[in-house]
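With the sequences and hints as input, model every part of the structure.
The sequence shown begins at 52 in this note's numbering and counts up one residue at a time.
I should point out that these hints are in silico values taken from the structure, not numbers from a laboratory. Yeah, the Cβ is synthetic: ideal placement off N, Cα and C, and Gly gets one too.
No more than 25 Å apart at the CA atoms, straight line, and that leaves these computed lysine-lysine pairs for DSS-like:
{"hint": "1", "residue 1": "LYS252", "residue 2": "LYS281"}
{"hint": "2", "residue 1": "LYS148", "residue 2": "LYS172"}
{"hint": "3", "residue 1": "LYS339", "residue 2": "LYS172"}
{"hint": "4", "residue 1": "LYS311", "residue 2": "LYS281"}
{"hint": "5", "residue 1": "LYS222", "residue 2": "LYS423"}
{"hint": "6", "residue 1": "LYS311", "residue 2": "LYS340"}
Pairwise CB distance ranges (calculated):
{"hint": "7", "residue 1": "SER140", "residue 2": "SER163", "range": "16 to 22 Å"}
{"hint": "8", "residue 1": "ILE70", "residue 2": "ASN190", "range": "15 to 21 Å"}
{"hint": "9", "residue 1": "CYS154", "residue 2": "ILE124", "range": "17 to 23 Å"}
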Amino acid sequence: MRTIIYPVNVKNFDDVKKICSRIKSDTRALGYLAPKSNILHFFAEKIDYRAAAFLKQELLSRGGDTVVTKHVIDGKTDFSDVLLMATPSQLKSLLEKLKAMDCWGLKDFRESLTEAFHNIKINEWVLTSPNGHEIIFDNNTKLMAIINLTPDSFYEGSRVNEHEILSRAEKFLNEGAEILDLGAESTRPGFEPVTEDEELKRLIPALKILRKEFPNALISVDTYKSNVAKISAYEGADIINDISGFEFDENMPEVISSLKIPYVLSHIKDENLHYENIIGEINLYFDKKLKALDIAGVKRENIILDPGIGFGKNEDDNFKIIKNIESLKIFGLPVLVGHSRKRITGKTLSGTLAITAILNGRVNILRVHDVKENMQALLMARKISKADF
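Laid out in structure tokens, this is it:
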């Protein structure tokens with residue numbers, strides 16, 4: 052009988068344990084297999100060619116590898132992008148070696164790699180709202196239900212009036228939504244801004260009703276205006292969801308700091324839509340924005356990141372973000388994705404559900420219009436991921 056050799060889908064140590072159980076291996080070996088069960092990949096741009104050569108040599112000697120540009124070896128380039136490929140134990144050993152190396156930009160490289168290596172291992176967060184509500188995020192993706200208090204949101208089915216708000220909220224909560232996201236101003240492409248007074252007129256009565264009827268529900272308010280954020284927090288909001296990354300209101304960081312309220316920091320780009328490397332540019336954007344929030348006194352542990360699907364990106368950009376969503380783990384913060392019925396999905400439910408299944412367990416929150424269907428997709432994806440070998 053011919054021997055058949057084939058690859059298996061090993062995404063984490065749980066998958067390794069399932070295979071070991073099938074093989075009936077000695078369970079004492081699991082401790083040795085844990086650090087070998089996943090290969091980590093870290094990408095960095097424009098590294099000094101001498102540092103790139105050094106990294107390749109050092110990781111090769113440890114059983115890992117580094118991909119560098121072909122001219123690193125002959126010195127015909129000044130810089131090289133690099134891809135580190137190593138197990139956790141190999142990276143730990145490399146970082147020890149790098150402690151003695153401050154030349155060629157390796158000090159900055161070491162500090163960045165140390166932070167990223169630490170942060171990607173964080174898989175649980177507890178955020179606290181001013182109302183005392185704990186918001187716990189882990190590997191089980193939560194759903195944020197969209198409730199639009201607007202007459203012009205791009206998806207008509209998400210719009211509600213004052214008579215429908217309670218029944219719609221109750222429906223979403225019963226279907227499995229853990230967060231209700233209230234928006235009183237459309238941010239569809241080419242949207243027309245509304246005045247602060249008009250936004251508050253639409254928003255606050257609905258927020259008061261929901262807070263009264265569902266005292267334990269988690270409520271997010273979708274606004275980029277700092278004063279609307281402040282008033283919403285006083286009326287019971289648990290989260291402020293700012294699609295502008297405080298680009299539209301420079302007072303937002305100070306207000307968020309004073310409120311001590313969880314804050315969704317989003318990526319947005321209004322001007323030139325061309326990206327040389329969208330993943331790298333988004334990460335640089337968040338690095339800069341997080342430092343600004345630190346200076347303003349916003350607690351890092353109360354921040355959620357949103358890569359801003361559809362905001363200043365074309366279809367290919369959005370697909371790259373979804374495929375490489377794990378890159379945001381370097382910040383050690385929960386991640387939200389709002390893909391529901393956007394252009395990337397063909398504005399359809401089926402397209403939305405496909406992305407929902409793909410992102411199961413990879414992000415912490417999915418912001419959706421259709422809670423029941425998206426919850427079914429998540430539950431099915433979870434069953435598949437937990438299947439035995």
